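Chemist: Please construct the entire structure, taking both the sequences and the accompanying hints into account.
Each chain, letter by letter, is given below.
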Amino acid sequence: MSLNRRAAMARLVAGRGDDLLVVPGLGSTTWDLAAAGDDPRNFYMWGAMGGTAMIGLGLALAQPDKRVAVITGDGEMLMGLGSLGTIGVQKPGNLAVIVFDNAVYGETGGQPSHTQNDVDLVAVARACGISACVDVRDEADLEDLAARLKRLKETLFARVAINADEPPRVLPEKDGVELKQRFRAALGLKA
Amino acid sequence: MSVPAWQDQLFDTIKRAGISQVGYVPDAGHTRLIERCKADPGICDVVLTTEEEGVALAAGAWLGGARAALLMQSSGAGNCINMLSLMRTCRFPMLMFITMRGEWEEFNPWQVPMGSIVDPVMKLCDAEVYRASEPGEVKGIAERAVRQAYGDERIVAVLLSQQLIGKKVWTK
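In the order they appear, the protein sequences are chains A and B.
Our numbering applies: residue 1 is where the first sequence begins, and numbers increase by one.
Our numbering applies: residue 1 is where the second sequence begins, and numbers increase by one.
Hints were generated in silico from the structure; no laboratory data involved.
From a predicted model like this one, the values you see are computed outputs, not experimental measurements.
Please note: incorrect hints may appear among the correct ones.
[What the hints assert, rightly or not] Pair ranges (Cβ atoms, derived):
{"no.": "1", "chain 1": "B", "residue 1": "D40", "chain 2": "A", "residue 2": "D175", "range": "34 to 42 Å"}
{"no.": "2", "chain 1": "B", "residue 1": "A5", "chain 2": "A", "residue 2": "V119", "range": "54 to 62 Å"}
{"no.": "3", "chain 1": "A", "residue 1": "S131", "chain 2": "B", "residue 2": "G65", "range": "25 to 33 Å"}
{"no.": "4", "chain 1": "A", "residue 1": "N163", "chain 2": "B", "residue 2": "N82", "range": "27 to 35 Å"}
{"no.": "5", "chain 1": "B", "residue 1": "K123", "chain 2": "A", "residue 2": "A140", "range": "33 to 41 Å"}
{"no.": "6", "chain 1": "A", "residue 1": "E107", "chain 2": "B", "residue 2": "V3", "range": "30 to 38 Å"}
{"no.": "7", "chain 1": "B", "residue 1": "R147", "chain 2": "A", "residue 2": "D175", "range": "31 to 39 Å"}
{"no.": "8", "chain 1": "A", "residue 1": "E166", "chain 2": "B", "residue 2": "T49", "range": "30 to 38 Å"}
{"no.": "9", "chain 1": "A", "residue 1": "D175", "chain 2": "B", "residue 2": "L124", "range": "18 to 26 Å"}
Ideal Cβ placement from N, Cα and C applies to all residues, glycine included.
Modeler: Laid out in structure tokens, this is it:
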């Protein structure tokens, strides 16, 4: 039994507070986050596949008093697996990397990803030195993850098993300069 | 009057610019600069598995109000190409210091193909490209690169010639 991706995203960002900064991966997780409600503290991705976790790391190191949630897909994470090692070396206490895993490349027609075979992202993250790693398989696990995200104090990795359905796309702003400027302005930085 | 070592000039530039995150893949040419960054409590040194991670790191740093720089060898430039589209699309500052291989006195022919195309590849990625070949010009070029990267929100690549860095010793 796996979870509905839209409902899972909505749960993770519900009542988020000003201190949660969210970086989704390109494709479905960006549509999921937009569907959960727009917020200037979302940095939507329309490209840069494989870079989402590292954007989260740079942001987490720059803003140690905020919580940073990278919420991406299995295909996007697989392209940047090395960044889990890099994050495992840095271990910022305010960074969560959450992977919505449906074991397919949804945006390109549902081709199988490595996680459909023997690649275990939770085991990879643990082997990369991230000690708090969770596998989210049902509603109770999701509640636990949402609670951990709320009181984030150590680097967290989570794999969330989601259905391979494709809900209608909800497209957010795609002007990268605008997304950057509104994000910085929301942090009180010069746009 | 002698000028400081080029690595120390770059370190001083990094400090003056208020750069607080330095990403790098271990590199012989950058060894001294990496060591100085690691020793500085005001700099978070981020060792990477591949150079493109450092591009995304710099984007995240800037989103959070911090400045990052990326140190790499010329072979790493090719690893960055797609990720640099993030910097161009969003106009993120991107400052890269690239030690060159595959040119002056190169012993290893496998370094030549990438080394010989760093300049045009970076220009195609919309980067401003500068080259420093003498210790006396490093500081001026680096300071200009900093102004352009963070002031104008541009991609800037500073190529450090193999002549500046010196020959790699292959047999001891």
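Chemist: Now, for every hint given, state plainly whether the structure supports it.
Modeler: Verification of the hints:
Taking 34 to 42 Å as the suggested C-beta distance range, the pair D40/B and D175/A conforms, at roughly 36 Å. Separation of A5/B from V119/A is about 45 Å and departs from the stated range, judged on CB atoms against 54 to 62 Å. The hint said 25 to 33 Å for the Cβ distance between S131/A and G65/B, and at roughly 28 Å that hint holds. In this structure the hint that N163/A and N82/B lie 27 to 35 Å apart at CB holds, the actual value being about 29 Å.
Checking the proposed 33 to 41 Å range against K123/B and A140/A shows it is violated: the Cβ atoms sit about 54 Å from each other. For the pair E107/A and V3/B, the supplied restraint of 30 to 38 Å is violated, since their beta-carbon distance comes to about 52 Å. In this structure the hint that R147/B and D175/A lie 31 to 39 Å apart at CB is violated, the actual value being about 26 Å. For the hinted restraint 30 to 38 Å between E166/A and T49/B, the CB-CB distance of approximately 31 Å keeps it satisfied.
At roughly 23 Å, the beta-carbon separation of D175/A and L124/B lies within the given 18 to 26 Å, and the hint holds.
Consistency note: the structure conflicts with the earlier hints numbered 2, 5, 6 and 7.
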